[in-house]
Structure formats: C-alpha cells, structure tokens
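Novice: Chain by chain, the residues:
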Amino acid sequence: MEGTIFMPRDEEHMVALNSSAAKSASSYVKVDRVSIGYRSRKTGIYKDAVVDLNFEIRRGEFVVIIGTSGCGKTTFLEAVAGLVPVSAGQILLGGKPIKGPGRERSLVFQSPSLFPWRNVRDNVLFALQAQHNLNSETRQRAEDLLELVGLKDAMGSYPHELSGGMRQRVNLARALVTRPELLLLDEPFGALDAQTRSVMQEELVNVWQAADLGEARNALFITHDVEEAVYLADRILVFSKAPASLAADITVELPRPRLPDHKRSREFVEYQDRVLRELYASSGGAPAVEIAEEVAE
Amino acid sequence: MSTATADDRISVGNAERIVKEPAWLRWMRVHSKVVYGISGVAIVLIAWQVTSTLGLVNVTIASDPIRVIKAEITLFSSGQIWGPIGVTAQEVGWGMLITLLISIPLGLILGRVTALYDMTEPIINVLNSVPYVLFLPVIIFWFGIGQQSRILLVIWAATMPLIINTTAGVRNLNSDYIRVAKMCCAGKWTFYRSVLFPATLPYILTGIRLSIARALVGAIVAEFFLSGGGLGYFVQTATSNFDMDSAMAGIFIMAVAAVVLTRLIGRLEHRYTHWSQG
Numbered sequence: 118m119e120g121t122i123f124m125p126r127d128e129e130h131m132v133a134l135n136s137s138a139a140k141s142a143s144s145y146v147k148v149d150r151v152s153i154g155y156r157s158r159k160t161g162i163y164k165d166a167v168v169d170l171n172f173e174i175r176r177g178e179f180v181v182i183i184g185t186s187g188c189g190k191t192t193f194l195e196a197v198a199g200l201v202p203v204s205a206g207q208i209l210l211g212g213k214p215i216k217g218p219g220r221e222r223s224l225v226f227q228s229p230s231l232f233p234w235r236n237v238r239d240n241v242l243f244a245l246q247a248q249h250n251l252n253s254e255t256r257q258r259a260e261d262l263l264e265l266v267g268l269k270d271a272m273g274s275y276p277h278e279l280s281g282g283m284r285q286r287v288n289l290a291r292a293l294v295t296r297p298e299l300l301l302l303d304e305p306f307g308a309l310d311a312q313t314r315s316v317m318q319e320e321l322v323n324v325w326q327a328a329d330l331g332e333a334r335n336a337l338f339i340t341h342d343v344e345e346a347v348y349l350a351d352r353i354l355v356f357s358k359a360p361a362s363l364a365a366d367i368t369v370e371l372p373r374p375r376l377p378d379h380k381r382s383r384e385f386v387e388y389q390d391r392v393l394r395e396l397y398a399s400s401g402g403a404p405a406v407e408i409a410e411e412v413a414e
Numbered sequence: 014m015s016t017a018t019a020d021d022r023i024s025v026g027n028a029e030r031i032v033k034e035p036a037w038l039r040w041m042r043v044h045s046k047v048v049y050g051i052s053g054v055a056i057v058l059i060a061w062q063v064t065s066t067l068g069l070v071n072v073t074i075a076s077d078p079i080r081v082i083k084a085e086i087t088l089f090s091s092g093q094i095w096g097p098i099g100v101t102a103q104e105v106g107w108g109m110l111i112t113l114l115i116s117i118p119l120g121l122i123l124g125r126v127t128a129l130y131d132m133t134e135p136i137i138n139v140l141n142s143v144p145y146v147l148f149l150p151v152i153i154f155w156f157g158i159g160q161q162s163r164i165l166l167v168i169w170a171a172t173m174p175l176i177i178n179t180t181a182g183v184r185n186l187n188s189d190y191i192r193v194a195k196m197c198c199a200g201k202w203t204f205y206r207s208v209l210f211p212a213t214l215p216y217i218l219t220g221i222r223l224s225i226a227r228a229l230v231g232a233i234v235a236e237f238f239l240s241g242g243g244l245g246y247f248v249q250t251a252t253s254n255f256d257m258d259s260a261m262a263g264i265f266i267m268a269v270a271a272v273v274l275t276r277l278i279g280r281l282e283h284r285y286t287h288w289s290q291g
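Protein chains in written order, with my numbering: chain A, 118 to 414; chain B, 14 to 291.
Each hint should be verified, as a subset may be incorrect.
[Stated by the list, open to error] Here are the computed lysine-lysine pairs in the BS3-like style, where the Cα-Cα straight-line distance is at most 30 Å: (1) K33(B) to K46(B); (2) K159(A) to K358(A); (3) K33(B) to K216(A); (4) K358(A) to K164(A); (5) K216(A) to K46(B); (6) K213(A) to K147(A); (7) K213(A) to K164(A); (8) K159(A) to K216(A); (9) K164(A) to K195(B); (10) K269(A) to K164(A); (11) K83(B) to K159(A); (12) K213(A) to K46(B); (13) K216(A) to K269(A); (14) K269(A) to K195(B); (15) K380(A) to K216(A); (16) K195(B) to K358(A); (17) K380(A) to K358(A); (18) K195(B) to K213(A); (19) K147(A) to K164(A); (20) K195(B) to K147(A).
[To be verified] The following residues of chain A were derived to be distant from chain B, with all beta-carbon distances above 10 Å: (21) L209; (22) Q248; (23) P374.
Calculated directly from the structure, the hints in this document are not laboratory data.
Cβ atoms here follow ideal geometry from the backbone N, Cα and C, with glycine treated the same way.
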C-alpha cells in the first residue's frame with residue numbers, strides 16, 4: 118500500500134520556519150579542510166574519498182549533497198555520522214569536533230536495515246531503547262511518527278511483510294523518534310521505483326515541514342538524482358568525481374511548502390539545468406553521459 | 014428471486030468442487046507427508062512382526078513389535094524402567110544445561126573478537142573432528158567412573174557443534190545491524206542482548222539441535238563404558254541376559270525421547286526465528 122499521506126499543513130509555522138532559516142546565519146556544521154581516505158583491505162593502497170572540503174551549514178538548512186556514483190559523498194556523510202574518521206581537518210558540530218556517533222544525529226540508511234525479528238513498532242522503539250529513553254511519552258511519539266508516515270495499521274507487521282517503500286518509512290521513523298537535531302539521509306529513496314520515490318519525497322517534505330516534529334531542523338541528504346535534489350533542498354552542494362571536492366554551492370530559493378506540481382515550473386527546471394551543468398563541468402566527459410541518462414529517465 | 018438463483022449457482026459450484034475431490038482425498042493431499050511417514054514405519058513394523066510370527070527369524074534373537082509392547086507394559090507397570098530413564102535424563106539434562114551456558118556466550122564472544130577466533134579456530138576444529146569417544150579413557154583416568162565423568166562426556170560431545178554454529182552466526186551478522194546499533198548509540202549490553210543474540214538465534218537453535226543429538230549419543234556411550242545405570246546400561250544388560258524384548262523396549266524409549274526433543278527444538282525455531290525463513 119503506497120498511499121499518499123495527507124497531513125494538515127501548518128502554513129503559519131512554515132512561513133515562520135522559512136524566514137528564520139533565511140535570517141539566522143549561525144553556523145551549525147563547520148567542515149574545515151576535511152579529507153577522508155581509506156586503505157583498501159586487499160591491496161593495502163590508500164585512497165582518498167574526499168579532499169580538502171570547506172563549507173558551513175547554517176541552522177535550519179536542508180542541505181543536499183549531489184555527486185556521481187562512487188564520488189565519496191556517502192563516505193562524507195558517514196564521517197558526519199561519526200561512523201568513519203576523517204584523515205585530515207575536522208568536522209565541527211555546534212562548535213565541537215565529531216568523534217563518533219551521537220544522540221543529536223540520526224541516519225536514514227540507504228538500505229532500510231530493519232531488524233527482521235522485530236515488528237515495525239519495536240524497530241522504531243529500538244532507537245529509544247538503545248538510548249535508555251523508553252517511556253510512555255516516547256512510546257507515544259513512536260506511534261505518532263508511524264501514523265505520520267502512514268504505517269498506523271502496519272505497526273505489528275514484520276519487515277519481510279512490507280514493501281520497499283514501507284520499510285524505508287520505518288527507517289525514517291526510527292531516525293526521527295529520538296528527536297535528532299541533524300538528520301542524515303544516505304540516498305534513502307535510491308532503491309525505490311520512480312512512483313514510490315516521488316511519493317516518499319513528498320512525504321519527507323511533509324514530515325520535514327510538520328509543525329509538531331520539532332527538533333529535526335537540520336538535514337543532510339545524499340543523492341545522485343538532480344530532480345530530487347532541487348525538490349528537497351534549501352542548498353545544494355555539488356561534489357566532483359572521486360576524490361570529491363566541492364564543485365558548486367547552489368542556494369535553492371524556491372518557495373515552501375513545495376508541492377509535486379512545482380517540479381514542472383520554469384524556476385525548478387532552471388535549477389535542475391544549473392545543477393546538471395555543474396555536475397557536468399566537475400565530472401569530465403565519461404560520467405556526464407551517465408548523468409544525462411539518469412535525468413532522462 | 015434473482016438473489017436466490019445466484020446463491021444456488023454458487024452452491025452448485027461448490028458442490029462440483031467437492032465432487033471432483035472427496036474430503037478424504039483432500040485430507041490425504043494436505044497431510045501426505047505425515048501419512049507417508051507413518052506408512053513407512055508401519056510397513057517395517059508389520060514386516061518385522063510377520064517374519065518373526067512365521068518363524069523366518071528367531072524371536073529370542075530378534076524379538077517382535079508385540080513382544081516389545083508387552084515388555085514396555087511390564088517395564089512401566091513394575092516401575093523398573095524409571096530408574097534408568099531418570100539416570101539418562103539427568104546426564105543429558107545437566108550436560109545440555111552446562112553446554113548451553115558455556116557454548117552460547119563463548120560462541121558469541123569468539124565470533125566478535127577476531128583475534129580470539131583465529132587463535133581458537135584450529136583447536137575447536139580438531140576437538141570437533143576427533144571422535145569424542147576417544148577422550149573417554151582420559152576422562153575416566155582424570156575423573157573416575159562416577160556420574161561426573163558421564164556428564165563430562167555429554168558436555169564434551171555436545172559443546173563443539175553449538176560453539177561452531179553460534180560463532181558462524183555471529184560472523185555472518187549483517188554489518189548494517191552493527192551500523193544501526195552504533196548510530197542509535199547502543200551500549201555493549203544492548204548490542205549483545207537486542208541485536209547480536211536475536212540475529213544469531215537461528216544459528217544457535219540449529220546448533221542446539223545438533224548438540225542434543227550428540228548429547229544423547231554421548232550419554233549412551235558413557236553408560237556402556239561407565240556402567241552406572243541409565244538406558245544404555247539397561248539395554249546392554251538386557252542384551253547380555255538374552256532379554257531382547259526389554260532391550261528393544263529400551264531402544265524404543267530412547268527413540269521416542271530423541272524425536273520429542275528434536276520436535277521441541279523445531280517448535281522453538283518456528284516460534285522465535287520465523288522471520289529468517291520468511
């Protein structure tokens with residue numbers, strides 16, 4: 118059941134959110150001369166995934182990182198998540214360097230990675246259980262979130278009984294239930310079919326803009342889909358091909374709330390073209406064909 | 014009127030289906046596996062009974078099903094079989110309990126700590142491949158011929174498959190689960206209890222099934238050599254006294270125990286690891 122979820126859109130709140138995001142220039146994430154590399158386990162050769170990244174993310178921004186497949190953008194996200202160490206420079210979060218995973222961050226994994234022995238509700242509760250924060254209030258929040266992503270009737274189901282889109286919704290609810298300040302999303306809709314993907318994008322926008330959600334006000338979203346990037350982002354960071362560096366920093370000044378219809382507007386298409394040009398320019402000849410194909414589909 | 018016709022048509026359709034497949038045939042189709050299984054056992058028992066009744070085999074050497082049933086009734090009504098059953102049950106029970114307490118935590122740890130795994134892998138492989146009965150003289154030399162030694166042999170027989178299976182389960186752990194636990198800031202205890210243990214449970218239950226089979230063999234072998242009672246000792250003594258009916262009755266009890274225990278584990282597997290088969 119891939120039904121669209123209708124939620125009351127709190128227009129007032131969203132206006133407030135937009136203006137506050139625009140006004141506040143306070144830096145939340147500071148990426149300071151960061152390089153990340155890894156040593157291949159087989160050959161022992163050291164390879165750079167990203168080199169010399171410098172940028173800041175302001176409070177309240179929805180930032181999308183776009184780059185070609187295998188360019189190192191996922192590695193960068195994992196470094197922000199604290200799963201991978203940086204090899205040079207530092208990533209500051211609210212002024213403090215990231216040393217490992219933290220409660221203020223949540224990651225929506227590329228594959229749903231749900232525990233197959235737990236039903237939907239208990240999968241979401243795991244995040245709370247791990248942080249020793251399981252009480253009647255947080256339980257209620259878990260149920261509210263599942264209702265928000267349209268899984269009210271599937272709370273007792275097991276992951277193998279769900280479709281890909283539904284699993285990814287549970288993944289999202291699990292990430293949000295701990296009220297993270299920074300939500301990290303690693304190509305969460307990459308494995309879904311085009312239609313489900315578009316529904317999920319809209320839902321993410323809705324959840325992002327939902328008034329009662331509160332804390333998750335910063336998001337870092339990884340994708341290689343240009344349309345997805347423009348639809349979701351306040352700001353798009355274009356990564357060059359591996360080893361990745363920052364090729365372009367594009368602010369998307371499209372109004373919120375964003376609706377699927379906006380995807381056909383002239384401004385939207387212009388932003389798409391601009392992102393595509395930057396990708397093209399930064400990746401050289403060969404990968405550009407790949408990008409053109411992706412956009413064509 | 015028109016609705017009535019529609020209902021009629023439906024019931025006619027159902028009637029046709031039932032005519033095509035009689036109820037007993039349907040029952041047979043659904044339960045064919047059980048039916049065939051029971052038939053196989055029945056054929057063997059009947060053949061055994063017929064050959065001994067016709068005098069094709071010597072009843073005093075081969076016994077026959079009816080005589081075994083009679084022996085079973087005598088053994089249970091006189092109560093003399095409860096002693097051996099109790100002894101064997103105690104050996105297997107204590108042996109399995111200690112095996113579970115040792116093997117599962119050890120398997121979980123060995124699977125997680127690569128250095129420990131690499132250190133112990135050759136030893137565990139050797140201990141698993143060398144027939145454990147070979148250690149029996151050594152165990153007797155060290156611990157004597159009491160119940161202690163019999164339980165020790167059961168443990169020796171049963172631990173290895175469970176350790177090996179548990180370790181394999183841990184080493185096959187989906188790395189995504191580890192990442193999820195890390196991202197959720199799960200502590201070591203939460204990780205072991207709520208991620209590692211349930212993820213490994215299908216492997217653990219398979220290991221327990223192998224372990225129980227080996228524990229039963231271990232107990233019987235120990236009783237043969239350490240003659241302190243139990244079903245193994247009972248069958249051995251009965252055979253030496255040319256009481257084949259009692260010997261076969263003892264073997265039958267053991268067979269039932271083995272089937273019941275295996276089924277029990279099967280039920281546990283169905284109950285707790287249904288997600289891994291789905």
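Novice: Any Cβ of chain B at or closer than 10 Å to Q248(A), or is the non-interface label fine?
Specialist: Answer for Q248(A): violated, closest chain B Cβ roughly 6 Å.
Novice: Keeping to a limit of 30 Å between CA atoms, is the pair of K213(A) and K46(B) held or broken?
Specialist: Outside the cut-off at roughly 65 Å; violated.
Novice: Would you check the hint for K33(B) and K46(B), treating anything up to 30 Å between C-alpha atoms as holding?
Specialist: holds, 22 Å
Novice: Taking 30 Å as the top limit, are the C-alpha atoms of K213(A) and K147(A) close enough?
Specialist: holds, 9 Å
Novice: Assess, step by step, whether the Cα of K159(A) is no farther than 30 Å from the Cα of K216(A), and give holds or violated.
Specialist: OK: K159(A) and K216(A) at ~27 Å, within 30 Å.
Novice: Between K195(B) and K147(A), does the CA-CA distance stay at or below 30 Å?
Specialist: Roughly 23 Å between the alpha carbons, so the hint for K195(B) and K147(A) holds.
Novice: Checking one constraint from the list: CA of K195(B) to CA of K358(A), max 30 Å. Satisfied?
Specialist: holds, 29 Å
Novice: Given the hint that K213(A) pairs with K164(A), does the C-alpha gap stay at or below 30 Å?
Specialist: holds, 27 Å
Novice: For the pair supplied as a hint, K147(A) and K164(A), is the alpha-carbon distance within the 30 Å limit?
Specialist: Status holds; Cα separation ~24 Å.
Novice: For the pair supplied as a hint, K216(A) and K46(B), confirm whether the alpha-carbon distance does not exceed 30 Å.
Specialist: Answer violated: K216(A) to K46(B) is near 58 Å, above 30 Å.
Novice: Are the Cα atoms of K83(B) and K159(A) separated by 30 Å or less?
Specialist: Violated, because 69 Å separates the two Cα atoms, which is more than 30 Å.
Novice: Can the restraint linking K380(A) and K358(A) be considered satisfied, given a maximum Cα separation of 30 Å?
Specialist: holds, 26 Å
The structure fails hints 3, 5, 10, 11, 12, 13, 15, 22 (numbered hints given earlier, in ascending order).
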